[in-house]
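**Q** Chain by chain, the residues:
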Amino acid sequence: MWLGNLPRPSSRRGTYLFLLVFLLGTVLPLGVASSPDSHGTDAPHDTKHEASNGHGHHGNESHTKVKKAFPVLNFEYESVRLPFEIALWILLASLMKLGFHLIPRLSSFVPESCLLIVVGLLVGGLIKLVGETSPVLHSQIFFLYLLPPIILDAGYFLPIRPFSENIGTILVFAVIGTLWNSFFIGGLLYGVCQIGGKDLEKIGLLPNLLFGAIISAVDPVAVLAVFEEIHINELLHILVFGESLLNDAVTVVLYHLFEEYAGIGSVTFLDVLLGFICFFVVALGGIFVGLAYGLLAAFTSRFTSHTRVIEPLFAFLYSYMAYLSAEVFHLSGIMALIACGVVMRPYIEANISHKSHTTIKYFLKMWSSVSETLIFIFLGVSTVAGPHSWNWTFVICTLVFCLVARVLGVVGLTYIINKFRIVKLTTKDQFIIAYGGLRGAIAFSLGYLLPPDHFPRDMFLTAIITVIFFTVFVQGMTIQPLVDLLAVKKKQETKRSINEEIHSQFLDHLLTGIEDVCGHYGHHHWKDKLNRFNKKYIKKCLIAGDRSKEPQLIAFYHKMEMKQAIELVETGGIAKIPSAVSTVSMQNIQPKQKVAERALPQLSKGKEEEIRKILRTNLQKTRQRSHSLHFMEECDDLKATCTSLVFIVVQGLT
Amino acid sequence: MGASQSGPDTRELRELSEKTGFSIDQIENLNRRFQQLSKNKENLRREDFDKVTDLDVNPIRAQIIEAFFDKRNFGGTQTGPVEEINFEQFLTVMSHFRPVKTRMTEEQIASLRKEKLQFLFNMYDIDADGKISLEDYRHLVEDLLSRNPHLGKESASVTSIADAAMLEAVTIIKGQMEPHQVYEGMTFEDFVKIWEGIDIETKMHVRFLNVETPHFCK
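Chain order of the listed sequences is A and B. Each residue of the first sequence is one higher than the one before, starting from 382 at the first, in my numbering. Each residue of the second sequence is one higher than the one before, starting from 5 at the first, in my numbering.
Among the hints, a few may not be true.
[As the list claims (entries may be wrong)] Computed list of lysine to aspartate or glutamate pairs in DMTMM-like fashion (alpha-carbon distance at most 20 angstroms, straight line): (1) B:Lys197 to A:Glu459; (2) B:Lys120 to A:Glu881; (3) A:Lys916 to B:Glu146; (4) A:Lys809 to B:Glu119; (5) A:Lys809 to B:Asp203; (6) B:Lys197 to B:Glu111; (7) B:Lys118 to A:Glu881; (8) A:Lys917 to B:Asp58; (9) A:Lys870 to A:Glu609.
[Unchecked claim] Among the chain A residues that face chain B by a calculated CB cut under 10 angstroms, a handful are: (10) Ala766; (11) Leu780; (12) His884; (13) Gly894; (14) Tyr902; (15) His904; (16) Leu934.
Because the hints were derived from the structure by calculation, they are not lab data. Note that CB positions come from ideal geometry on N, CA and C, so glycine has one too.
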């Protein structure tokens, strides 16, 4: 990303581009050659080679060992085939990602997901040309390995405040919206099937409803991929994204319900009732599993002060276990993962070291990025490879009904929701919410899981892929210009300042107080009660040592000071310090007080040591770096002020 | 609603509704609550707020109660505390927390926002001198942290947090200042500048319609 910021001559850019293409040229054929059945020809040679172990010839069973020269160089591919291929695919995916950002203006008007699918199509086409069978996105791999990192990343960094403020709206969209979509699409498709000709007639109501359930769920991967690039305001982002996460429970229940009974061909009222109960079990069960594992993770992190190195591992393992445990019982794994991430985050962050915190953050981001890239590429590859059965009526109708259902659903639900909301959703908001209902790989994988004997799987898959392509390409590419055209509010890039923290805490207490005076047990009252319960009981168990009693304001202040100190040193003291940019200082506010007198907060010994270590190592780096800069004299002055400032801070800490 | 002793009649209700922006139902709800707190007397005193036991755990309890008895919040230009308030003044204070209605014009929203910010400003400006000084900020932070039993150890943090916050605020307001200039305190206009970009008019609201008269005569 930094490549985009530095001014550089275009010749350097060209060189990078050339190098990249060259690299790809070498990696791609390797990837092709190493896909599954290309070793049909090599294998016999290899196995025989292994069997005879360098001695003797093919098929020679004699015990007399004919001595050959000791093989200096061997070729033995079979044993490393699987990890080799996996690593190669991931490498390919990452190089692709790298490449997009080198091409100057492509990434600004085509979202990354589109480009990745196109790459997947190309690779799939290449593989088909060469005549091999391409790797398909197996649903097992998708659900067990590719999806969890993305969801965990989303859950761990979920912005709690907007999410909880809008939870009612999100739930309505997720549950009722998805139900409406499924039945509308499924029902209408059944109607179309009845009148649509001989191939479609045999598809009954239940398969259609199942198809409706699969295609109607908004996909979190696609939404994340597209919405991240358009920087829309927080409210809309959390509404669409929250919906895509929470509709998993509905999808799971509907999928299993219809799949169970599609073979039998009829559903009784009892089944529907059981399905209804199942929904609650799936959703609440998933959340409960996530909660349990999250609390376990928080509790474990309390004791990791002596083994800091494996701290991040606990965060990842417990979350993954939560996901897998939920999947064992057919509960909603996504909700378990989200609940786990949300619950464990505040306690883990209070317990682990700064480095572990950074590690967790970057590992999550890295894994989710790789997963996302792989998912889109494989989607493209599977499109080329997969068995297709194109039926004009079915596919076109699916597409149209999807769009219509989404728009009607959003408009209808918003009308009802606005009666209960304080901040009403405007027409522009509704349009963006409807337009942002992207489908993605989850729909594809669910379709892939269908048993082909009961369902026209190929036709379904074709329709699903068409809808996915349409939403990702058409909607994904046009949403950015539409957002600009409609002048939708964008995300405000405000850093959370100490003032905001003080004011928001004050406001919370004020509103709780007013609610109490009114006698109204509202939103704020319960939030306050939860906070107090948390402070009194839970924090004591889950946070190690003194930190459990630290009030939120002070914790926030420490975090902010740490961040500022690190920023200060990393930039070599140039810019970024508010008091350097603007000349306001303590003297202006209270002239009688000397700067040195300012008492700094007492940090615990552990934190002091950390800050000092960070400052020391970074100072050394700054000294080394600044020697290479051209403006040495100015830099020396700045360095001197910077170092003295930093030492004042450090001394003040003692 | 019956006699003038127990509550306002319909004509008064309509007047109040127009003045404060509440609906008739909401005013009746709040009146019932007022009667409950004041034990059916005409006026409310500070001691009556002791009945609201939930307020006891609130760190800014004193300031909230003071806000009800502060003349600055009654709509006029007078300042200073009063000893007791009647229903109309109670309602006026409460009206600072009404939500934005869908049919409001831009100007109405802007004036509502200004009203709410003025209320907040009055709460921060404890000594009522029209400016929020560093001292006021320190009191504020101290109150927010006052629920923490370990305040003794952390009293240095109180000053440093308040200082940092004030510094940041002044940086936003003034930008550049010469070393010899002194900043007395935040005036209301400066205060408004800090809250730019944060939609206080939607954040600062309480849902009044479902006010129940709860079980609480303790």
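**Q** Run through the hints listed earlier and report the numbers of any the structure violates, in increasing order.
**A** 1, 4, 10 and 11
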